[in-house]
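Please model the complete structure; the sequences and the hints are all you need to start from.
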Amino acid sequence: MLLQLNNIFKWVQQGGQRIFLLKDVNLEVEEGEFISIMGPSGSGKSTLLNVIGMLDTFNEGEYEFLSESVHTLKEKYRSNLYKEYIGFVFQSYHLLDELTVEENLEMPLLYKKVKGSERKALVADMLDRFNIVGKKDLFPTQLSGGQQQLVGVARALIGKPKLILADEPTGNLNSQQSEEIMQLFQKLNKEDGVTIIQVTHSEKNAEYGSRIINLLDGRKI
Amino acid sequence: MFKNHIKIAWRSLKKQAFFTFLNTFGLAIGMAGALIISLYIYDELSYDKMFADADRIHRIDADIKFGGAEIKAAESAPPMAGALKRDYSQVESTVRFRTLGSMYVKKVGGETSSKENKVTYADSTFFEFFGIDLLVGNSKTALTGTNSLVLTKTAAEKYFGSTDVLGQDLLLNNSDTYTVTGVIEDMPKNSYFNEYSVFLAMAGNVASREELWGSNNYFTFIKLIPEARVEDFQAPLQGMLERYMLPWAQKYFPGMTAESFAASGNYIRYHTMALTDIHLHSDRNSEMNATSSIQNIYILSFIGLFLIILASVNFMNLSTAHSLKRAKEVGVRKTLGSNKLNLIFQFLTESGLIAFISLIAALLITMITLPFFNGFTGKVITIPFTQPLFWLILLAATIVLGLFSGCYPAFFMSRFTPVKTLKGGASESVGNGRVRNALVIFQFSISVFLIVSTLVVFQQLNYIQSKDLGFTKDQVLLINEISPLGSKTNAFKEEILKMGNVENVTLSDFYPTPSWRSDSSFFQEGASSQESAIQMQTWGVDTDYLKTLQMNIVAGRDFNKQYATDSTAVIINEATLPILNVTAEEALGMRISEEIELENPTYYTVIGVVKDFHFKSLRENIGALGLHVNKTAENMAVRLSGGDYSNSIAEIENKWNEMAPGQPFDYQFMDEAFNTTYEAELKLSQIFFIFTILSIFIACLGLFGLAAFNAEKRTKEIGVRKVLGATVSQISYRLTVDFLKLVGIAILVSLPLGWFAMNKWLEDFSYRIDMGVGVFVLAAVLSIVVAIVTVSYQSIKAAIVNPVKSLRSE
Ligand SMILES: Nc1ncnc2c1ncn2[C@@H]1O[C@H](COP(=O)(O)OP(=O)(O)O)[C@@H](O)[C@H]1O
Ligand SMILES: [Mg+2]
Numbered sequence: 001m002l003l004q005l006n007n008i009f010k011w012v013q014q015g016g017q018r019i020f021l022l023k024d025v026n027l028e029v030e031e032g033e034f035i036s037i038m039g040p041s042g043s044g045k046s047t048l049l050n051v052i053g054m055l056d057t058f059n060e061g062e063y064e065f066l067s068e069s070v071h072t073l074k075e076k077y078r079s080n081l082y083k084e085y086i087g088f089v090f091q092s093y094h095l096l097d098e099l100t101v102e103e104n105l106e107m108p109l110l111y112k113k114v115k116g117s118e119r120k121a122l123v124a125d126m127l128d129r130f131n132i133v134g135k136k137d138l139f140p141t142q143l144s145g146g147q148q149q150l151v152g153v154a155r156a157l158i159g160k161p162k163l164i165l166a167d168e169p170t171g172n173l174n175s176q177q178s179e180e181i182m183q184l185f186q187k188l189n190k191e192d193g194v195t196i197i198q199v200t201h202s203e204k205n206a207e208y209g210s211r212i213i214n215l216l217d218g219r220k221i
Numbered sequence: 001m002f003k004n005h006i007k008i009a010w011r012s013l014k015k016q017a018f019f020t021f022l023n024t025f026g027l028a029i030g031m032a033g034a035l036i037i038s039l040y041i042y043d044e045l046s047y048d049k050m051f052a053d054a055d056r057i058h059r060i061d062a063d064i065k066f067g068g069a070e071i072k073a074a075e076s077a078p079p080m081a082g083a084l085k086r087d088y089s090q091v092e093s094t095v096r097f098r099t100l101g102s103m104y105v106k107k108v109g110g111e112t113s114s115k116e117n118k119v120t121y122a123d124s125t126f127f128e129f130f131g132i133d134l135l136v137g138n139s140k141t142a143l144t145g146t147n148s149l150v151l152t153k154t155a156a157e158k159y160f161g162s163t164d165v166l167g168q169d170l171l172l173n174n175s176d177t178y179t180v181t182g183v184i185e186d187m188p189k190n191s192y193f194n195e196y197s198v199f200l201a202m203a204g205n206v207a208s209r210e211e212l213w214g215s216n217n218y219f220t221f222i223k224l225i226p227e228a229r230v231e232d233f234q235a236p237l238q239g240m241l242e243r244y245m246l247p248w249a250q251k252y253f254p255g256m257t258a259e260s261f262a263a264s265g266n267y268i269r270y271h272t273m274a275l276t277d278i279h280l281h282s283d284r285n286s287e288m289n290a291t292s293s294i295q296n297i298y299i300l301s302f303i304g305l306f307l308i309i310l311a312s313v314n315f316m317n318l319s320t321a322h323s324l325k326r327a328k329e330v331g332v333r334k335t336l337g338s339n340k341l342n343l344i345f346q347f348l349t350e351s352g353l354i355a356f357i358s359l360i361a362a363l364l365i366t367m368i369t370l371p372f373f374n375g376f377t378g379k380v381i382t383i384p385f386t387q388p389l390f391w392l393i394l395l396a397a398t399i400v401l402g403l404f405s406g407c408y409p410a411f412f413m414s415r416f417t418p419v420k421t422l423k424g425g426a427s428e429s430v431g432n433g434r435v436r437n438a439l440v441i442f443q444f445s446i447s448v449f450l451i452v453s454t455l456v457v458f459q460q461l462n463y464i465q466s467k468d469l470g471f472t473k474d475q476v477l478l479i480n481e482i483s484p485l486g487s488k489t490n491a492f493k494e495e496i497l498k499m500g501n502v503e504n505v506t507l508s509d510f511y512p513t514p515s516w517r518s519d520s521s522f523f524q525e526g527a528s529s530q531e532s533a534i535q536m537q538t539w540g541v542d543t544d545y546l547k548t549l550q551m552n553i554v555a556g557r558d559f560n561k562q563y564a565t566d567s568t569a570v571i572i573n574e575a576t577l578p579i580l581n582v583t584a585e586e587a588l589g590m591r592i593s594e595e596i597e598l599e600n601p602t603y604y605t606v607i608g609v610v611k612d613f614h615f616k617s618l619r620e621n622i623g624a625l626g627l628h629v630n631k632t633a634e635n636m637a638v639r640l641s642g643g644d645y646s647n648s649i650a651e652i653e654n655k656w657n658e659m660a661p662g663q664p665f666d667y668q669f670m671d672e673a674f675n676t677t678y679e680a681e682l683k684l685s686q687i688f689f690i691f692t693i694l695s696i697f698i699a700c701l702g703l704f705g706l707a708a709f710n711a712e713k714r715t716k717e718i719g720v721r722k723v724l725g726a727t728v729s730q731i732s733y734r735l736t737v738d739f740l741k742l743v744g745i746a747i748l749v750s751l752p753l754g755w756f757a758m759n760k761w762l763e764d765f766s767y768r769i770d771m772g773v774g775v776f777v778l779a780a781v782l783s784i785v786v787a788i789v790t791v792s793y794q795s796i797k798a799a800i801v802n803p804v805k806s807l808r809s810e
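Protein sequences, first through last, are from chains A and B.
Residues in the first sequence are numbered consecutively from 1, following UniProt numbering.
Residues in the second sequence are numbered consecutively from 1, following UniProt numbering.
Hints are computed from structural coordinates only; laboratory data are not their basis.
Incorrect hints may have been included.
[As the list claims (entries may be wrong)] In silico lysine-lysine, PhoX-like type, Cα no more than 25 Å apart, as pairs:
{"#": "1", "chain 1": "B", "residue 1": "K423", "chain 2": "A", "residue 2": "K23"}
{"#": "2", "chain 1": "A", "residue 1": "K220", "chain 2": "B", "residue 2": "K713"}
{"#": "3", "chain 1": "B", "residue 1": "K340", "chain 2": "A", "residue 2": "K112"}
{"#": "4", "chain 1": "A", "residue 1": "K74", "chain 2": "A", "residue 2": "K113"}
{"#": "5", "chain 1": "B", "residue 1": "K420", "chain 2": "A", "residue 2": "K74"}
{"#": "6", "chain 1": "B", "residue 1": "K14", "chain 2": "B", "residue 2": "K713"}
{"#": "7", "chain 1": "A", "residue 1": "K23", "chain 2": "B", "residue 2": "K420"}
{"#": "8", "chain 1": "B", "residue 1": "K118", "chain 2": "B", "residue 2": "K158"}
{"#": "9", "chain 1": "B", "residue 1": "K716", "chain 2": "B", "residue 2": "K420"}
{"#": "10", "chain 1": "B", "residue 1": "K741", "chain 2": "B", "residue 2": "K716"}
{"#": "11", "chain 1": "B", "residue 1": "K420", "chain 2": "A", "residue 2": "K115"}
{"#": "12", "chain 1": "B", "residue 1": "K547", "chain 2": "B", "residue 2": "K467"}
{"#": "13", "chain 1": "B", "residue 1": "K420", "chain 2": "A", "residue 2": "K220"}
{"#": "14", "chain 1": "B", "residue 1": "K760", "chain 2": "A", "residue 2": "K112"}
{"#": "15", "chain 1": "B", "residue 1": "K3", "chain 2": "A", "residue 2": "K135"}
{"#": "16", "chain 1": "A", "residue 1": "K135", "chain 2": "B", "residue 2": "K420"}
{"#": "17", "chain 1": "A", "residue 1": "K76", "chain 2": "B", "residue 2": "K467"}
{"#": "18", "chain 1": "B", "residue 1": "K467", "chain 2": "B", "residue 2": "K716"}
{"#": "19", "chain 1": "B", "residue 1": "K340", "chain 2": "B", "residue 2": "K7"}
{"#": "20", "chain 1": "A", "residue 1": "K136", "chain 2": "B", "residue 2": "K118"}
{"#": "21", "chain 1": "A", "residue 1": "K136", "chain 2": "B", "residue 2": "K741"}
{"#": "22", "chain 1": "B", "residue 1": "K340", "chain 2": "A", "residue 2": "K162"}
{"#": "23", "chain 1": "B", "residue 1": "K713", "chain 2": "B", "residue 2": "K423"}
{"#": "24", "chain 1": "B", "residue 1": "K340", "chain 2": "A", "residue 2": "K74"}
{"#": "25", "chain 1": "B", "residue 1": "K716", "chain 2": "A", "residue 2": "K112"}
{"#": "26", "chain 1": "A", "residue 1": "K160", "chain 2": "B", "residue 2": "K328"}
{"#": "27", "chain 1": "A", "residue 1": "K135", "chain 2": "B", "residue 2": "K340"}
Here is the structure:
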């Protein structure tokens, strides 16, 4: 078992009223799964993903990640946990504009305090694997959207995470670029055993995964 | 990681060139200002510390009250030094100076004299006492013989072209021949003896060997032995009063005892003044050299600190406003595993980098501006590039500044949460800017405070310059040192009187401009006890004095050439009346004398009372004064009628050269002489002015940057408003008025502070302005106008953008 959510509630207080963003969500994820979260806009998909990624807190319920109770952990340990095991991929890539492709890839390793020589090797490896060696000295703004997302995925992967969380990773891409990214996800899942949870609006993309979770108004249906 | 931080910092600074420029420029200006002020203060604090044993050297000062006048004397009686050395084992050695002011010097057989501004008699112990080495000559004997003198290197080279001048002769004031017995380096600029260039052997000053305890003319320095504590020396020093001063006084005032002396309210209080304290802490009536005041150091320190804080606040403001752009980056970094500390460190690296770039810019600015600054402070301050300590302090200060300025933005930005920032709600994360607003208020408060201060200082100076002084100082030409004319003096006066543009000419001991003068004791006829002594100044003048200077008689009459008896007549000023306890009319006919102890004292009869005129600085009240006729006075004042002065001056100079060939013609206009008295204030006002401008400039840089970011943040809002029909002026008004509120609050905060501080400053002047509302209104209006001009550029720029553009980019 990779992670388990039990009766998760999340709400915000608005005008003396509780607005629920997540309502009694239960979820078990085994290592090696490829899950797609679907649902209409505003149904709480991103919120759920952020909770899983420990970027956001929740108000009630329990969350266990690799047998650690996330809800009882201090922030510092939580960030150590996700730094170690989770990689994020975003709809709008969120690469750092001031850094080259190579430096963007290197970033997570720096935060993990990986040694210089090892860093170089890992980055070279990743550039190779994603076929972007020729682009390594370019800045993100010099790349197409698909290429940027490729770098985004590579950056998420470089720390060898057990889990990749992707919030509408193809939302800004055309269909051909989308397919490339999905095939990449599938390959990572199958060959490297990386667990993937993605949010998507497209039935087609969802089919790459092994399981679909539907959300409506913060509730799993 | 650190290398990575530097790299990223450099790139993001480069990318945000405008922001980086504002930040760096503001910081650099602040740093340059603070650096210049620091160097200036360092120089002021370094005075006289270069002398060996400076910490053991003290001057004997005395507070004297005698006959109604109080004198803060820096000079002592001639026998004081000898007596102290003889009586007290704590005193290792002594040296005395008897200053002579300026003198005309020339090589014996030379053609023309040249003026040495600072000449003094000095005891032969001078060189050993201060640890001064002679370039040529013997330090022990150089100042022992009468008519020997020691020159500074500059002076020696001026007269002889070299320093190898032992045994050469110089003619002083065209009458006395002196032999050069030594040459020393020029006295340090930052010493009490700055610009003294000629030292005459004290042996030539007869009075220096007399037991005259009543005349205080000798600047007396003592060096205590290393074991002695100066606090313990004060009581023994005061012992000189009973041991020497009073016994001497009893010769003139028989029956006077320590008790009766004290009972009459008189006193003489001796104390020491450390050599190294003289420049900033001395408050004596006269000094060997112009001194400064510690108050100015405090004021300057505050201004320096203000500048740095202003620049630093600017930095904080711009950085946090700028964080709008950095919010996404913070979010991404956090999801990649960065913790808060990492981010704080990264942002501090950036501010450190900006601080270092600013440092380089500041050094450049300082190098360029220092010569101008030196120009009007009269100093020779340089940047001590070769001193490791300077760099150490500079680097340390830069790091501290970078950390101080960077820490608020760093903590502020590291708090951003990824969930919020990545969703694009960056403007939310940037917050409502309450702290930023507070900082803008703070900056403008300082600026408004400085504006008020500058205006008040200017007003007071203007007041001084235009005040009715009791005489007319304009269009008066002063010719100093007319003694070379000798017996031709009166002929010269007659010749000048004949010239077309000349209205009047007078000869006198003193002009009514502040200069060194001493009071003497006068006694009313019939009252001979020392309690009834009147301390007053007496000036010898000729019969044209009041007419030439356009002074007014309030009772009695002016001197008249026709009356032979006027040689023993005196005209007193109004300030003397309360001391005599009479009205102006009653004073007429009174007789006073200085020589009460003599058998047949000479009495002066009061024939007139002149309206009070200012002859001291306006910081002081007008004291008692008597004018009497003296035909051998040394200064000439010429009143010119309008027209071209340069012609008149040339005409007078021609006549001078004809009647006193080879003698320098030394003249100056009275209003200029008057202004030198207020040089300290003038300099202060200039410094105020410069740094006020700087601080306003820095504050405006900050405001400008903030306005830019504010406009950017509201691009979408502005776009929507325009689509809905808002006009450019409506929008610019909206954007501008927010900032004006802040400036308004700043004005309310700082005006009372300014009023309070400037009241304190004005208290130093006996004659001063009333601070009207005008100053405050003007300061307020000025700051508002400056703020509007600064902000409206950004506001209008934002308002005229095509809304289609700003809305599409969202
Ligand atoms: N901090 C918040 N305060 C109030 N409402 C929020 C907050 N965060 C999210 N929401 C609301 O919760 C709902 C779920 O948001 P989100 O998880 O982003 O939806 P999705 O990703 O499925 O489109 C939305 O209606 C959103 O407006
Ligand atoms: Mg979403």
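Outcome of the hint check:
Restraint check for K423(B) and K23(A): the C-alpha separation of about 21 Å stays at or below 25 Å, so the hint holds. Taking the CA atoms of K220(A) and K713(B), the gap is about 38 Å. The hint is violated against a cut of 25 Å. Distance hint between K340(B) and K112(A) is fulfilled; the C-alpha atoms sit about 14 Å from each other, no more than 25 Å. At most 25 Å may separate the alpha-carbon atoms for a hinted pair to count; K74(A) and K113(A) meet this at roughly 21 Å.
Among the hinted pairs, K420(B) with K74(A) is consistent with the structure: their alpha-carbon atoms are about 20 Å apart, no more than 25 Å. Restraint check: the Cα-Cα separation between K14(B) and K713(B) comes to about 21 Å, which is no more than 25 Å; the hinted pair holds. Taken as a hint, the K23(A) and K420(B) pair is honoured in the structure, with Cα atoms around 21 Å apart against an allowance of 25 Å. The suggested pairing of K118(B) with K158(B) holds, with an alpha-carbon distance near 15 Å, which does not exceed 25 Å.
Of the pairs offered as hints, the one joining K716(B) and K420(B) holds, with about 19 Å between alpha carbons and a cut-off of 25 Å not exceeded. The suggested pairing of K741(B) with K716(B) holds, with an alpha-carbon distance near 23 Å, which does not exceed 25 Å. Among the hinted pairs, K420(B) with K115(A) is inconsistent with the structure: their alpha-carbon atoms are about 32 Å apart, more than 25 Å. Taken as a hint, the K547(B) and K467(B) pair is honoured in the structure, with Cα atoms around 20 Å apart against an allowance of 25 Å.
Under the criterion of a C-alpha separation no larger than 25 Å, the hint pairing K420(B) with K220(A) is consistent with the structure, at around 24 Å. Using a Cα cut-off of 25 Å, the hinted pair K760(B) and K112(A) is violated, with the two alpha carbons roughly 60 Å apart. Our distance criterion of 25 Å between C-alpha atoms is met by K3(B) and K135(A), whose separation comes to about 22 Å. Of the supplied pair hints, the one linking K135(A) and K420(B) is violated, its CA atoms being roughly 31 Å apart against a limit of 25 Å.
Proximity of K76(A) to K467(B) is assessed by CA-CA distance (about 73 Å); at most 25 Å being required, the pair is judged violated. Distance check on the hinted pair: K467(B) and K716(B) sit about 60 Å apart at the alpha-carbon level, beyond 25 Å; violated. Between the alpha carbons of K340(B) and K7(B) the distance comes to roughly 19 Å, so the proposed pair stays at or under 25 Å and holds. Taken as a hint, the K136(A) and K118(B) pair is broken in the structure, with Cα atoms around 75 Å apart against an allowance of 25 Å.
For the hint pairing K136(A) with K741(B), the CA-to-CA distance comes to about 50 Å; that exceeds 25 Å, so the pair is violated. Simply put, K340(B) and K162(A) have alpha-carbon atoms about 24 Å apart, close enough for the 25 Å limit, and the pair holds. Among the hinted pairs, K713(B) with K423(B) is consistent with the structure: their alpha-carbon atoms are about 16 Å apart, no more than 25 Å. For the hint linking K340(B) to K74(A), the alpha-carbon distance of about 14 Å falls within 25 Å, and the restraint holds.
Among the hinted pairs, K716(B) with K112(A) is inconsistent with the structure: their alpha-carbon atoms are about 39 Å apart, more than 25 Å. Straight-line distance between C-alpha atoms of K160(A) and K328(B) comes to about 24 Å, which keeps the hinted pair within the 25 Å bound. A C-alpha spacing of about 31 Å is found between K135(A) and K340(B), which places the hinted pair above 25 Å, so the restraint is violated.
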